[in-house]
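One line per chain: the protein sequences are A and B, in this order.
Numbered per the numbering used here, the first sequence spans residues 2 to 422.
Numbered per the numbering used here, the second sequence spans residues 51 to 652.
Source of the hints: derived by calculation from the structure; they are not laboratory data.
A quick note: this is a predicted structure, and the numbers were derived from the prediction, not measured.
Be aware that one or more of the hints could be misleading.
What the hints assert, rightly or not - Here chain B is said to cover these stretches of chain A; the calculated rule only asks that three of the stretch's residues, wherever they fall, bring their Cβ under 8 Å from a Cβ of chain B:
| no. | segment |
| --- | --- |
| 1 | 233-240 |
| 2 | 398-406 |
Claimed, not checked - Only some residues are given here: those of chain A computed to face chain B with a beta carbon under 10 Å:
| no. | residue |
| --- | --- |
| 3 | THR217 |
| 4 | GLU220 |
| 5 | TYR273 |
| 6 | THR287 |
| 7 | MET328 |
| 8 | ASP331 |
| 9 | GLU332 |
| 10 | MET335 |
| 11 | SER366 |
| 12 | TRP371 |
| 13 | GLY372 |
| 14 | TYR393 |
| 15 | MET395 |
| 16 | GLU414 |
Every residue gets a Cβ at the ideal spot worked out from N, C-alpha and C, and that includes glycine.
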Amino acid sequence: MGVVDFGNAPRSAYLHIPFCHRRCFYCDFAVVPLGDKASGLEGPGSLSIKAYLDLLHREIALVCGAAPLSTVYLGGGTPSLLTPNQIKDLLNHLRNQVGFQDGAEITLEMDPASFNKNDLEGYVEAGVNRVSLGIQSFNDRFLEILGRRHRIEDILQACNWIDEFYKSGRLSSWNLDLIQSLPRQNLLDWETELREALSVGAPHFSIYELSIEPGTVFERRERKGEVLLPNEEIALEMMTFTSSTLSGFGFSRYEISNYAVPGHVSRHNRVYWSGSGWWGFGQGATSAPWGERFSRPRTRNGYRAWIESQEEEGLHKSLIAGCASRMPLDEKLMVGLRRREGVDLMHLFQQWGWSRDQSEEYFNSLERRWGRAMLEGWLSRRGWRFQLSDPYGMAISNQVLAEIFVWWDSLPEDAVVVSIP
Amino acid sequence: MTDAPVSRLRNFCIIAHIDHGKSTLADRLLQDTGTVAGRDMQEQFLDNMDLERERGITIKLQAARMNYKDSSGENYVLNLIDTPGHVDFSYEVSRSLQACEGALLVVDASQGVEAQTLANVYLALENDLEIIPVLNKIDLPGSDPERIKQEIESIIGLDTSSAIACSAKTGLGIDEILQSVVDRIPPPADLVDRPTKALIFDSYYDPYRGVIVYFRVLSGRIGIKDKVLLMASQKSYELDEIGVMTPDQSEVDELHAGEVGYLAASIKAVSDARVGDTITLLNSPADEPLPGYAEAKPMVFCGLFPTDADQYPDLREALDKLQLSDAALKYEPETSSAMGFGFRCGFLGLLHMEIVQERLEREYDLDLIVTAPSVIYQVNMLDGDSLMIDNPATLPDPQKRDSIEEPYVRMEIYSPNEYNGTLMGLCQERRGDFVDMKYITTDRVTLIYEIPLAEVVTDFFDQMKSRTKGYASMEYHLIGYRKNDLVRLDILINSEKADPLTTIVHRDKAYNVGKSLVEKLKELIPRQQFKIPLQASIGSRIIASESISAMRKDVLAKCYGGDISRKKKLLKKQAKGKKRMKAMGKVDVPQEAFMAVLKLNQ
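Model the full structure from these sequences, guided by the hints.
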């Protein structure tokens with residue numbers, strides 16, 4: 002590798018492990034299902050996994066010399082399909098190439114029934130200190146509907162092991178992933194699930210509402226009229242219940258779908274909402290080292306060819322400091338407003354390069370578009386800081402965010418051009 | 051170029067119904083006379099507006115000069131003057147007919163005579179034009195020239211023994227048409243030595259040269275060095291250019307009686323050189339202008355508002371520019387508490403309105419809210435005054451009115467007789483008074499009704515077409531005003547009166563219209579974060595109500611780092627929808643809702 006000046010390099014990295022046992026019915030991610038018996042070490046799928054890891058190592062090698070990382074996130078897919086040794090090799094390689102800061106947050110996504118206690122021990126020894134467990138539901142009926150491979154007993158067992166590591170201080174934090182507003186789910190179903198989820202002791206929750214994506218099994222079923230989702234009224238009640246219940250248990254809703262008790266906010270997650278950069282590695286992975294996003298090819302062959310071209314010609318232009326552009330202001334507002342603390346408009350406007358006068362002029366036209374939401378208190382203002390209210394402002398966030406794009410399109414061309422500061 | 055003697059000139063137009071192949075035939079004539087080389091031929095050469103091409107209809111007149119050597123070897127100059135084929139533009143048709151001595155009546159050999167064709171043929175007969183019947187599309191399997199000939203004879207009373215069968219598509223019969231133009235259409239009267247009179251039959255605005263005027267010299271001559279006087283506008287000009295259309299404009303020194311050409315004279319707006327005006331020479335003017343000049347009067351009115359108030363100055367500028375090239379377009383500022391600043395605009399008809407709206411959006415990049423079309427009502431006040439009202443929202447209170455009169459048209463509908471029932475039903479629903487029903491042939495009928503114009507400018511045409519599978523055609527003209535029991539129907543959105551949705555309806559229909567209007571609005575207005583009551587009222591009496599339930603949530607919760615792109619795409623789509631909406635009080639109302647009254651039957 003030639004010497005590349007990585008300048009103000011990102012402090013976060015996302016590694017994509019695309020393999021899964023099966024594709025869940027709601028999933029439209031870049032994943033490769035290998036069958037229920039697959040494993041990273043031997044047997045079905047293992048060759049494919051090894052070949053992929055080889056490519057991933059080669060991609061990581063391209064960024065040698067960048068700034069040490071403060072957060073690493075191994076996501077998927079099902080990264081816990083990989084053996085502890087495979088995870089260890091990946092993290093070691095990344096540490097050697099890029100470096101880790103002291104106390105770096107290193108998260109591994111895991112699925113119940115894809116690992117045992119020894120594996121967990123191995124992952125922790127490899128350097129993992131935070132686990133995100135994708136349980137999605139606490140009800141066997143819904144697990145079946147979602148096409149998940151595990152059941153409640155698998156969840157409970159996994160939670161026990163993780164909690165043990167957490168209590169003994171070997172994991173600094175952990176998260177449960179849940180989906181609400183499932184087909185035929187009623188409010189009582191969800192209340193029960195959420196209470197059970199709270200009982201296992203995780204200090205962080207990511208709770209998403211089911212959305213039907215193109216190309217998924219759910220979409221096909223929906224077209225045939227087989228997916229009966231809770232109506233808006235009920236979905237809103239679920240969301241409100243979630244927010245108020247978790248807040249009663251000391252959780253703060255620090256982002257539309259993320260809740261944490263004090264000290265357990267995911268540092269890696271926050272990078273996405275703050276508009277700072279992150280590295281991304283792996284097939285189909287998105288990176289945004291300097292704010293502008295770049296997505297890798299979603300197929301294995303495409304990804305291999307891309308790596309080969311990077312090795313020959315040097316890194317893609319958007320991955321090199323100086324050639325890369327920033328995250329556009331409209332996007333920064335879009336992601337920033339998802340956070341509890343919202344955004345400081347004047348700060349972002351001036352950071353974008355507008356003068357004070359320009360900022361105030363452009364703000365006036367945005368304020369006109371936001372008038373209604375502000376009047377009703379769905380969007381609150383303190384100085385230049387704007388925040389969505391919880392729960393209703395967050396529940397109708399699209400209405401507020403869409404106005405940003407209407408406003409953005411109405412601005413003069415020279416005001417919206419992406420420029421390097 | 052202009053040494054063509056008057057006896058060797060032939061001026062003619064083509065009368066045809068939409069789709070009967072007028073443009074294709076015109077193209078073919080240009081090609082066969084070598085006026086336009088085959089390789090330069092764009093399909094439908096004479097329709098040179100994009101909009102016309104897309105719709106396959108002719109709105110704007112064009113003209114072309116062709117050189118033709120006939121079978122005996124003599125050289126002729128043939129001027130083809132194309133006519134618009136839509137009822138909105140019948141005044142322009144009558145002007146262009148005056149510029150001709152003859153007309154080709156083109157009838158589709160399988161479809162037969164249609165209402166618009168007939169109206170234009172009568173106009174041509176009134177102008178003493180020699181009419182040559184041409185049966186087009188003779189190559190199509192469904193063609194039945196004998197039956198169509200019979201139809202022409204029985205409806206129009208034209209001798210069809212020498213009708214020409216042709217196919218503009220394959221080229222069959224084209225030479226025969228050209229030869230018969232020479233043989234049967236008389237040359238113009240030789241009035242070269244009389245005082246100069248030329249008829250303006252079209253004009254358009256060119257941003258670089260000012261208005262380009264198309265004219266026919268009826269007597270005398272006009273040369274490049276002459277100063278001209280326009281007799282109706284009383285404006286005089288020095289000429290920058292004078293020439294003929296081949297069909298591209300090419301300059302000549304002089305044009306004399308019988309010839310057709312164009313001139314440019316740095317004229318600022320088409321309203322200064324209106325269709326129908328007479329051109330004469332400033333130094334030796336004619337005593338009298340040509341008869342029949344009239345200013346096109348708008349019949350249909352609507353409000354135009356920018357969705358974004360900031361675009362108001364742009365809209366004004368765009369209308370100013372459009373008016374330079376469209377003398378029939380009228381507008382004046384309108385302010386509405388609900389809609390902010392906009393314009394009340396007058397049009398010749400619905401098609402004209404659509405054309406203007408589309409040009410504003412396409413050529414000037416404006417996002418517009420267009421309110422439902424209205425006609426002009428005459429309101430007789432108790433104090434003896436009478437007011438002309440083109441905006442339903444400004445109708446005076448009932449306590450002050452004595453009566454309301456509305457414009458009526460005489461409507462003729464041509465259709466296969468199997469649709470009699472449904473068409474009569476339609477006319478009755480639209481408050482039509484039956485006048486007559488005539489059998490044209492054994493299976494085709496004319497229905498004649500007198501019907502309020504207000505009922506025609508809604509979706510009458512679309513309804514007629516859909517009820518008759520497209521077979522019926524219609525034609526109408528204004529016959530005067532009639533008193534009716536009309537009331538003002540207001541719409542309240544979220545308890546606030548929505549001026550642009552106010553309509554004037556007959557009392558007997560008010561309840562049904564009010565009910566279906568609020569139902570339609572319920573479909574068209576997207577749900578918002580609060581409940582929205584919708585009501586229809588006459589005065590203070592609510593006659594129908596509905597409500598739009600509140601939107602409870604609109605969030606895309608799942609949003610991982612890489613998902614930003616997709617989320618942004620979805621939000622941008624939402625943003626696009628918002629751009630097409632107008633805030634009325636607290637409620638965002640989409641463009642379609644303002645036209646709801648046109649969609650009540652769908």
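Next on the checklist: So, as I understand it, the hint says MET335/A touches chain B; can you test that by seeing if any CB pair is closer than 10 Å?
Outcome noted: holds, 7 Å
Next on the checklist: Quick check on GLU414/A please, does its C-beta sit within 10 Å of some C-beta on chain B?
Outcome noted: violated, 13 Å
Next on the checklist: Let's test the interface hint: is any C-beta of chain B closer than 10 Å to that of TRP371/A?
Outcome noted: violated, 12 Å
Next on the checklist: Please check whether GLY372/A passes as an interface residue: C-beta within 10 Å of a C-beta belonging to chain B.
Outcome noted: The hint holds - GLY372/A has a Cβ within 10 Å of chain B, the shortest such distance being about 9 Å.
Next on the checklist: Quick check on ASP331/A please, does its C-beta sit within 10 Å of some C-beta on chain B?
Outcome noted: Check passed: Cβ of ASP331/A comes within 8 Å of chain B, closer than 10 Å.
Item to check | Hint check: 10 Å Cβ-Cβ cutoff, MET328/A to chain B | outcome: holds, 9 Å
Next on the checklist: The hint names THR287/A as touching chain B; please verify it with the least Cβ-Cβ distance against 10 Å.
Outcome noted: Check passed: Cβ of THR287/A comes within 3 Å of chain B, closer than 10 Å.
Checklist entry - Hint check: is the beta carbon of TYR393/A less than 10 Å from a beta carbon of chain B? => result Nearest chain B Cβ about 8 Å off; hint holds.
Checklist entry - Taking the least C-beta to C-beta distance, is TYR273/A closer than 10 Å to chain B? => result holds, 4 Å
Checklist entry - At a threshold of 10 Å, is the proposed contact between MET395/A and chain B supported by beta-carbon distances? => result holds, 7 Å
Next on the checklist: Verify this for me: three or more residues of the segment 398-406 of chain A with a beta carbon less than 8 Å from a beta carbon of chain B.
Outcome noted: Since three or more residues must qualify, the claim that chain B covers the segment 398-406 of chain A holds, with 8 doing so at under 8 Å.
Item to check | Closest C-beta approach of THR217/A to chain B relative to 10 Å, hint status | outcome: violated, 12 Å
The structure fails hints 3, 4, 12 and 16 (numbered hints given earlier, in ascending order).
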